[in-house]
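Could you put together the complete structure from these sequences and hints?
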Amino acid sequence: MFFKRLVLSNFRNFRDLSWYPYRGVNIITGNNAQGKTNLLEAIGFCTTGLSFRTSREKEMIKDGTNSLQVSALLERNGVEDDIIVRLAENSIAEFRLNGVKQKKNRLFLPVMSVSFTPADLDLIRGNPAGRRRWLDTEVCSFEPAYAYHLHNYNRVLLQKNNLLKEKIKTTGFSEILDSFNLQLINYGSRIIYSRLVQLGKMASVLKDLYRELTRGKEDIYYKYLSSVPLGDKLNIEAITFSLNSAIASRSLEEKNRRQALVGPHRDDLQFYIGGMDARRYCSRGQQRSAVLSLKMSAIKLYHREYGEYPLLLMDDVMLELDEARQAGMAGLFALPLQSFITSTAVPENFPRDFKTVKITNGQLIEGER
Amino acid sequence: MHSNGPVARLVDEFARLPGIGPKTAQRLAFYILSQPPETARRLAAALTEARDNTRRCSVCLNLTDREPCAVCADPRRNPEMLCVVEQPRDVLAMEKSRGFRGLYHVLHGSISPMNGIGPDELTVRELLQRIAGGGVKEVILATNPNVEGDATALYLSKLIQPLGVRVTRLAHGLPVGASLEYADEITLSKALEGRRELY
Ligand SMILES: Nc1ncnc2c1ncn2[C@@H]1O[C@H](COP(=O)(O)OP(=O)(O)O)[C@@H](O)[C@H]1O
Ligand SMILES: [Mg+2]
Ligand SMILES: [Zn+2]
Chain A
1 MFFKRLVLSN FRNFRDLSWY PYRGVNIITG NNAQGKTNLL EAIGFCTTGL
51 SFRTSREKEM IKDGTNSLQV SALLERNGVE DDIIVRLAEN SIAEFRLNGV
101 KQKKNRLFLP VMSVSFTPAD LDLIRGNPAG RRRWLDTEVC SFEPAYAYHL
151 HNYNRVLLQK NNLLKEKIKT TGFSEILDSF NLQLINYGSR IIYSRLVQLG
201 KMASVLKDLY RELTRGKEDI YYKYLSSVPL GDKLNIEAIT FSLNSAIASR
251 SLEEKNRRQA LVGPHRDDLQ FYIGGMDARR YCSRGQQRSA VLSLKMSAIK
301 LYHREYGEYP LLLMDDVMLE LDEARQAGMA GLFALPLQSF ITSTAVPENF
351 PRDFKTVKIT NGQLIEGER
Chain B
1 MHSNGPVARL VDEFARLPGI GPKTAQRLAF YILSQPPETA RRLAAALTEA
51 RDNTRRCSVC LNLTDREPCA VCADPRRNPE MLCVVEQPRD VLAMEKSRGF
101 RGLYHVLHGS ISPMNGIGPD ELTVRELLQR IAGGGVKEVI LATNPNVEGD
151 ATALYLSKLI QPLGVRVTRL AHGLPVGASL EYADEITLSK ALEGRRELY
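Residue numbers (this note's numbering), protein chains in the order written: chain A, 1 to 369; chain B, 1 to 199.
Hints may contain errors.
[Claimed, not checked] Partner residues are not named here, just some residues of chain A that face chain B (Cβ under 8 Å, in silico):
hint, residue
1, N152
2, V156
3, L158
4, E253
No lab work stands behind these hints, which were simulated from the structure alone. Here a beta-carbon is modelled for each residue, glycine too, at the ideal position from N, C-alpha and C.
Shown next as structure tokens:
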């Protein structure tokens with residue numbers, strides 16, 4: 001899919017902007033603190049309903065004004081759609097598709113863009129929560145119902161932890177605990193199942209892309225490390241059964257430590273490159289290639305599922321990649337994929353043709369090429 | 001204007017109400033003050049009268065101005081079917097759907113440890129006494145289809161099943177995550193038809 005036109009008003013340091021982006025690679029340059037990331041954030045907001053930068057979304061409203069609007073003319077499957085996102089100081093964000101108000105989930109599941117920021121480069125060596133968040137985001141874009149399961153799971157977990165923390169002596173404690181555990185097992189097993197399905201689909205795509213990117217002989221693979229003993233069989237009933245017995249066998253420990261110790265919120269993903277635990281033993285460069293291939297796999301799978309490519313948003317990562325890795329991405333940029341890449345300098349020897357724009361203090365100037 | 005004068009107090013009172021922010025509170029206050037005095041007096045009288053004449057029905061614990069409430073007093077309703085809901089507004093939604101001809105029981109909330117709400121904060125004891133009193137053959141648990149509503153339903157079914165009464169859960173023909181209050185009338189009737197036995 002492509003943005004044919006993008007219009008911002010009162011979005012961060014942009015008072016107003018109207019832009020007809022290129023269908024291929026758009027390189028957004030400019031000095032620091034001019035609004036490059038802001039522009040990317042606006043595109044992200046208008047394609048996912050979320051900011052990739054902040055959870056306090058009202059800070060996107062331009063200082064001194066009280067509402068922002070981002071609108072985009074989007075072409076997908078040959079059809080044009082008009083998307084408008086409006087956010088005012090005193091109310092929640094409003095989303096419209098061709099003039100008609102939409103529920104956020106309806107409009108943005110699956111999301112229409114994939115973002116890649118410097119924080120993603122820590123995916124492999126960072127903490128488990130970051131890997132879970134990445135995986136959950138991936139699954140969401142292939143299985144919209146996953147968002148609902150995850151939301152409910154987190155809610156159950158919050159309630160269960162509160163119950164364990166404060167309410168051991170409350171009337172009906174163990175029956176109430178059971179009723180939250182039943183739900184935790186129900187949502188938790190669906191979450192684990194969907195994660196495993198997604199990881200299964202991604203494994204071979206990732207392996208091929210990693211080889212292509214590094215021109216190497218090393219293979220990348222991952223293992224899902226679960227707090228629940230999982231057998232080889234991939235079915236919901238088996239996972240439900242395991243989660244159920246794991247919770248039963250650790251219930252005393254959960255009561256003593258006053259927190260939920262079993263479930264997908266304790267799980268992790270371990271990457272291996274050339275047979276070695278990537279988190280501990282692999283170089284920064286190998287880890288970077290791994291993350292890059294993960295992002296590229298997501299895009300390939302997205303296309304396989306929906307017959308379209310999402311927009312690709314890359315913030316400040318281009319210059320962090322050496323020329324060999326940039327060249328390794330040539331295949332990705334050869335696809336009919338619209339990308340938005342910020343960079344303080346125009347990369348040399350970029351593998352594809354591209355157009356540049358320059359951002360200076362919230363103003364956009366179209367470049368040559 | 002003084003920040004502790006009568007106008008400010010009125011604004012404060014409005015702002016305490018659910019769903020009303022400071023700006024709306026101000027608008028309401030200034031609207032009322034811009035109208036003739038009768039407007040304010042009528043509103044004040046309606047508020048006091050409603051409050052003074054409303055209490056919980058001793059049978060179903062719904063809010064009522066009569067004892068027992070109109071539903072509980074209606075001889076055409078089937079006392080063998082009891083529908084358990086979270087809030088008085090859920091009774092209104094069910095009544096609008098006209099799919100249900102039994103009696104209600106209002107819990108006044110749902111189990112939520114993070115808000116300090118357990119069975120003792122709800123009308124669970126009254127519900128159990130009512131069922132133990134006999135005459136009830138089926139209990140329909142129509143708490144909201146969310147985590148707390150489901151927890152409440154599971155908890156209640158555990159307590160009620162040993163009493164030899166059929167327990168069903170209002171099927172989730174409702175939009176996922178939606179509260180009963182927002183369900184439109186058709187889906188609600190459908191959900192009632194499709195209610196299922198609780199495990
Ligand atoms: N809500 C806002 N209103 C006005 N300006 C903002 C707002 N939020 C951020 N900015 C400004 O945006 C600039 C940063 O833009 P950013 O896109 O992060 O820069 P970069 O070009 O380095 O990526 C800063 O000058 C900051 O003051
Ligand atoms: Mg930046
Ligand atoms: Zn009554």
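Hint check results:
At its closest, the beta carbon of A/N152 sits 6 Å from a beta carbon of chain B; the interface hint therefore holds under the 8 Å criterion. At its closest, the beta carbon of A/V156 sits 5 Å from a beta carbon of chain B; the interface hint therefore holds under the 8 Å criterion. The restraint placing A/L158 at the interface with chain B holds, with a minimum CB-CB distance near 6 Å, inside the 8 Å limit. Hint status for A/E253: violated, given a least beta-carbon distance of 19 Å to chain B, over 8 Å.
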